[in-house]
Amino acid sequence: MTRALAPLLLVAALLCAPPSARAHLDPARDHLLTQNVFAPFTQTIDRNQLKRLDALLSEAKKQHYPLKVALILSPTDLGTAYSLFNKPQKYAEFLGRELAPVYRDRLLIVMPNGYGYSTNGEPGQRAAQVLERIPSAGRNATKEVAAAIVAVRRMAATERRPLEVPEIGGTSTSSDRITIAAAATAGFALIAAFTLYRRQKRHAQP
Numbered sequence: 001m002t003r004a005l006a007p008l009l010l011v012a013a014l015l016c017a018p019p020s021a022r023a024h025l026d027p028a029r030d031h032l033l034t035q036n037v038f039a040p041f042t043q044t045i046d047r048n049q050l051k052r053l054d055a056l057l058s059e060a061k062k063q064h065y066p067l068k069v070a071l072i073l074s075p076t077d078l079g080t081a082y083s084l085f086n087k088p089q090k091y092a093e094f095l096g097r098e099l100a101p102v103y104r105d106r107l108l109i110v111m112p113n114g115y116g117y118s119t120n121g122e123p124g125q126r127a128a129q130v131l132e133r134i135p136s137a138g139r140n141a142t143k144e145v146a147a148a149i150v151a152v153r154r155m156a157a158t159e160r161r162p163l164e165v166p167e168i169g170g171t172s173t174s175s176d177r178i179t180i181a182a183a184a185t186a187g188f189a190l191i192a193a194f195t196l197y198r199r200q201k202r203h204a205q206p
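Position 29 (the sequence shown) corresponds to 29 in the numbering used here; numbering is contiguous.
Calculated directly from the structure, the hints in this document are not laboratory data.
You may find that some hints are simply not true.
[Claimed, not checked] Straight line, CA to CA, 25 Å or less: simulated PhoX-like cross-link-like pairs of lysine-lysine:
no., residue 1, residue 2
1, Lys61, Lys143
2, Lys90, Lys143
3, Lys87, Lys143
4, Lys61, Lys51
5, Lys51, Lys62
6, Lys51, Lys143
Let's have the full structure, built from the sequences with the hints guiding it.
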């Protein structure tokens, strides 16, 4: 039982760790080494919108338009590069250089105040012209995802790579998942408590 719970306890400990304990990490870089999208885990976000963005990027790669996206909502999402918060273009170039040993293609940054773009750490004029015409998303995770979808499609279109947004059914948010998990945990606790009570009562009977 204890061995089975160990991985869950480790994940819970990591998720509950304060930002100061994770400040030495570079979350976006570490995540984008293997994934197409970085999104902050502590923010309420429409998971289906996130799936649509991820599916769109997979389709873009099939169309020979590889692209990774980092959604940044707060300085803590930047790890040691927190001073680049609300400086999306500078961060795009910085992160592009950080990823260069393993990834040298397009990189889109979405921040509350706007967008940044780089290829292998270098800015792109055509992409910049597209991005400056897209309204900023503000400090809302789901709006940042939606803005990223618009940005990806428009940038791809300028290079004759029209992309369709995949449909993902249903609605889901991270807060929904947390609520469900909390309810399940409470349910298991009640069952365990009731079982223990029944056993103690049975042993107490003459």
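Hints, verified against the model:
no., hint, verdict
1, Lys61 - Lys143, "holds (23 Å)"
2, Lys90 - Lys143, "holds (22 Å)"
3, Lys87 - Lys143, "holds (18 Å)"
4, Lys61 - Lys51, "holds (15 Å)"
5, Lys51 - Lys62, "holds (17 Å)"
6, Lys51 - Lys143, "holds (14 Å)"
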